[in-house]
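Given the coordinates of chain A, work out where chain B should sit on it, guided by the hints.
Here is what each chain is made of, one letter per residue.
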Amino acid sequence: MGAPAMSKTITIDGKNVPFQDGQTIMNAALAAGVYIPHLCHNPQFEPHGSCKLCVVSVNGRNMTSCTMPAAEDMVVANNTPELNSDRKALVQMLFVEGNHICPACEASGNCQLQAAAYYLNMLSPHYTHFYQPRAVDASHPDIFLDLNRCILCELCVRASREVDGKNVFGISGRGIGTRLVVNAASGRLGDTNFAATDKAAHVCPTGTILIKRQGYKIPIGQRTFDHKKISEVQMEPMEPDHE
Amino acid sequence: MNEKRKIRLATCSLAGCFGCHMSLLDIDEKLFDLLGMIEFDRTPFTDIKHCGPCDIGIVEGGVSNAENVHVLKEFRKHCKVLVAIGACAITGGVPALRNNIDLWDCFQEVYLYEGGLEGNQIPNDPELPLPFDKVYPVYEVVKVDYFLPGCPPSADTIWKFLTDLIEGREPKLDYEMLRYD
Numbered sequence: 001m002g003a004p005a006m007s008k009t010i011t012i013d014g015k016n017v018p019f020q021d022g023q024t025i026m027n028a029a030l031a032a033g034v035y036i037p038h039l040c041h042n043p044q045f046e047p048h049g050s051c052k053l054c055v056v057s058v059n060g061r062n063m064t065s066c067t068m069p070a071a072e073d074m075v076v077a078n079n080t081p082e083l084n085s086d087r088k089a090l091v092q093m094l095f096v097e098g099n100h101i102c103p104a105c106e107a108s109g110n111c112q113l114q115a116a117a118y119y120l121n122m123l124s125p126h127y128t129h130f131y132q133p134r135a136v137d138a139s140h141p142d143i144f145l146d147l148n149r150c151i152l153c154e155l156c157v158r159a160s161r162e163v164d165g166k167n168v169f170g171i172s173g174r175g176i177g178t179r180l181v182v183n184a185a186s187g188r189l190g191d192t193n194f195a196a197t198d199k200a201a202h203v204c205p206t207g208t209i210l211i212k213r214q215g216y217k218i219p220i221g222q223r224t225f226d227h228k229k230i231s232e233v234q235m236e237p238m239e240p241d242h243e
Numbered sequence: 244m245n246e247k248r249k250i251r252l253a254t255c256s257l258a259g260c261f262g263c264h265m266s267l268l269d270i271d272e273k274l275f276d277l278l279g280m281i282e283f284d285r286t287p288f289t290d291i292k293h294c295g296p297c298d299i300g301i302v303e304g305g306v307s308n309a310e311n312v313h314v315l316k317e318f319r320k321h322c323k324v325l326v327a328i329g330a331c332a333i334t335g336g337v338p339a340l341r342n343n344i345d346l347w348d349c350f351q352e353v354y355l356y357e358g359g360l361e362g363n364q365i366p367n368d369p370e371l372p373l374p375f376d377k378v379y380p381v382y383e384v385v386k387v388d389y390f391l392p393g394c395p396p397s398a399d400t401i402w403k404f405l406t407d408l409i410e411g412r413e414p415k416l417d418y419e420m421l422r423y424d
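Line by line, the protein sequences give chains A and B.
Counting from 1, one number per residue, gives the positions in the first sequence under our numbering.
Counting from 244, one number per residue, gives the positions in the second sequence under our numbering.
No lab work stands behind these hints: they were computed from the structure.
Here the structure is a predicted model, which is why all the values come from computation and not from measurement.
Backbone N, C-alpha and C fix where the C-beta goes; we use that ideal spot for every residue, glycine too.
Just to be clear, a hint being listed does not mean it is correct.
[Stated by the list, open to error] Estimated spans, in silico, between C-beta atoms of each pair:
| id | chain 1 | residue 1 | chain 2 | residue 2 | range |
| --- | --- | --- | --- | --- | --- |
| 1 | B | Gly295 | A | Lys229 | 27 to 33 Å |
| 2 | B | Tyr354 | A | Val163 | 48 to 54 Å |
| 3 | A | Arg61 | B | Tyr354 | 35 to 41 Å |
| 4 | B | Leu340 | A | Gly22 | 43 to 49 Å |
| 5 | A | Gly215 | B | Pro287 | 29 to 35 Å |
| 6 | B | Lys386 | A | Pro133 | 27 to 33 Å |
| 7 | A | Ala89 | B | Glu361 | 36 to 42 Å |
| 8 | A | Asp142 | B | Pro366 | 37 to 43 Å |
| 9 | B | Glu352 | A | Lys52 | 39 to 45 Å |
[Said to hold, decoys possible] Capping the alpha-carbon separation at 16 Å, the derived lysine to aspartate or glutamate pairs in EDC-like fashion look like this:
| id | chain 1 | residue 1 | chain 2 | residue 2 |
| --- | --- | --- | --- | --- |
| 10 | B | Lys403 | B | Glu413 |
| 11 | B | Lys249 | B | Asp298 |
| 12 | A | Lys228 | B | Glu419 |
| 13 | B | Lys247 | B | Glu410 |
| 14 | B | Lys292 | B | Glu310 |
| 15 | B | Lys323 | B | Glu282 |
| 16 | A | Lys229 | B | Glu413 |
| 17 | A | Lys212 | A | Glu106 |
| 18 | A | Lys229 | B | Glu419 |
| 19 | B | Lys320 | B | Glu413 |
| 20 | A | Lys228 | B | Asp417 |
| 21 | B | Lys249 | B | Glu282 |
[As the list claims (entries may be wrong)] Partial pick of chain A residues on the chain B-facing surface, computed with a CB cut under 7 Å:
| id | residue |
| --- | --- |
| 22 | Met68 |
| 23 | Ser108 |
| 24 | Tyr118 |
| 25 | Leu123 |
| 26 | Ser124 |
| 27 | Thr128 |
| 28 | Tyr131 |
| 29 | Pro133 |
| 30 | Thr224 |
Same shape as in the complex, but just chain A:
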């Protein structure tokens, strides 16, 4: 007590970044306007640490910045060719694991997976595509659930549990069998009390959860990431809703 707030600092790529006790490297960076690529992190929710895009080098060791508390005198490397190359490989693996057909996706231009790939200059998915069959659930009157595009960030799980108090979504299975499931005996979204106004309907970084009858309201070419990099958009005070 009594110590001046924000007196402690870490450095990220040589820049001094102040932090408060308990603050993660990610949140300190966001507050200081330093962009660390991330997909499963959204500052409105508890960190999850699963996408690994936000891995930075802390005093020479790689750690997820969204879960690692900042500590005095940490020396963090973030925007380096090595880390960005690893990040690009992670994004490429997400692209081949799901079925991400951007020209046929309503989220194109608003998609954070796509925007992260643009930011990292991904020219091809590089790896062998899985082309795994995944279900589309159109049973809900107002919302589509397209599991082809799910990257298992758990943002909808967290939002439904923590904000909406509904627990509509969950993650089931292990390893390559891990998948998003709907908490209903039938497994169908239409048999839950999920609503288009729920927070969980507006946090998906990809086109997995889409509101019906909104398609192409904003034309391709005029969407969030068509002209602005994700590094600019995610530095804005409030991340825009997916639509």
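Leaving out everything else, chain B in the frame of chain A:
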């Protein structure tokens, strides 16, 4: 005499919609500049049927049948630099939407359940190339040297890419030129 040899360029469309070729034609009057730098080998523009030795080969579309593989391998064999252009060549694209549907189910839906002109039958002429179970991106079949994403890439993007390549620079796209849609 001693005129500088022109770059020889071939193009083809596999499981694509020719949209990338249309976008190339959209460079409009720059086509004259392009033709000052290159000459076409096999391409839908010349109707040459087989690819000879080329400097650059541009492949649109994914690989969905046996004929696509023959064409692709011919391009790889004869082109020093092979470019995959557009979403289909790079990810399978829209044709790859069928990858999660059993091929036989696809055939029945298209040819058996809806009435045809001469009754409902699945085409089975030996002249028709055999379709594959899935549509594959070209890089899963042959080595690809450069990727130019977009559906299609804009005329400006294609022009920037081609002029970089022809003039010996590493092709580099600005943020707004790198698109997957």
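Cross-check of the supplied hints:
no.	hint	in the structure
1	B:Gly295 - A:Lys229: 27 to 33 Å	violated, 43 Å
2	B:Tyr354 - A:Val163: 48 to 54 Å	holds, 49 Å
3	A:Arg61 - B:Tyr354: 35 to 41 Å	violated, 59 Å
4	B:Leu340 - A:Gly22: 43 to 49 Å	holds, 47 Å
5	A:Gly215 - B:Pro287: 29 to 35 Å	holds, 33 Å
6	B:Lys386 - A:Pro133: 27 to 33 Å	holds, 29 Å
7	A:Ala89 - B:Glu361: 36 to 42 Å	violated, 52 Å
8	A:Asp142 - B:Pro366: 37 to 43 Å	holds, 42 Å
9	B:Glu352 - A:Lys52: 39 to 45 Å	holds, 40 Å
10	B:Lys403 - B:Glu413	holds, 11 Å
11	B:Lys249 - B:Asp298	holds, 9 Å
12	A:Lys228 - B:Glu419	holds, 8 Å
13	B:Lys247 - B:Glu410	holds, 13 Å
14	B:Lys292 - B:Glu310	holds, 13 Å
15	B:Lys323 - B:Glu282	holds, 15 Å
16	A:Lys229 - B:Glu413	violated, 23 Å
17	A:Lys212 - A:Glu106	holds, 11 Å
18	A:Lys229 - B:Glu419	holds, 9 Å
19	B:Lys320 - B:Glu413	violated, 22 Å
20	A:Lys228 - B:Asp417	holds, 12 Å
21	B:Lys249 - B:Glu282	holds, 6 Å
22	Met68	violated, 30 Å
23	Ser108	holds, 4 Å
24	Tyr118	holds, 5 Å
25	Leu123	holds, 4 Å
26	Ser124	holds, 4 Å
27	Thr128	holds, 6 Å
28	Tyr131	holds, 4 Å
29	Pro133	holds, 4 Å
30	Thr224	violated, 13 Å
When the structure is compared with the earlier hints, violations turn up for hints 1, 3, 7, 16, 19, 22 and 30 and for no others.
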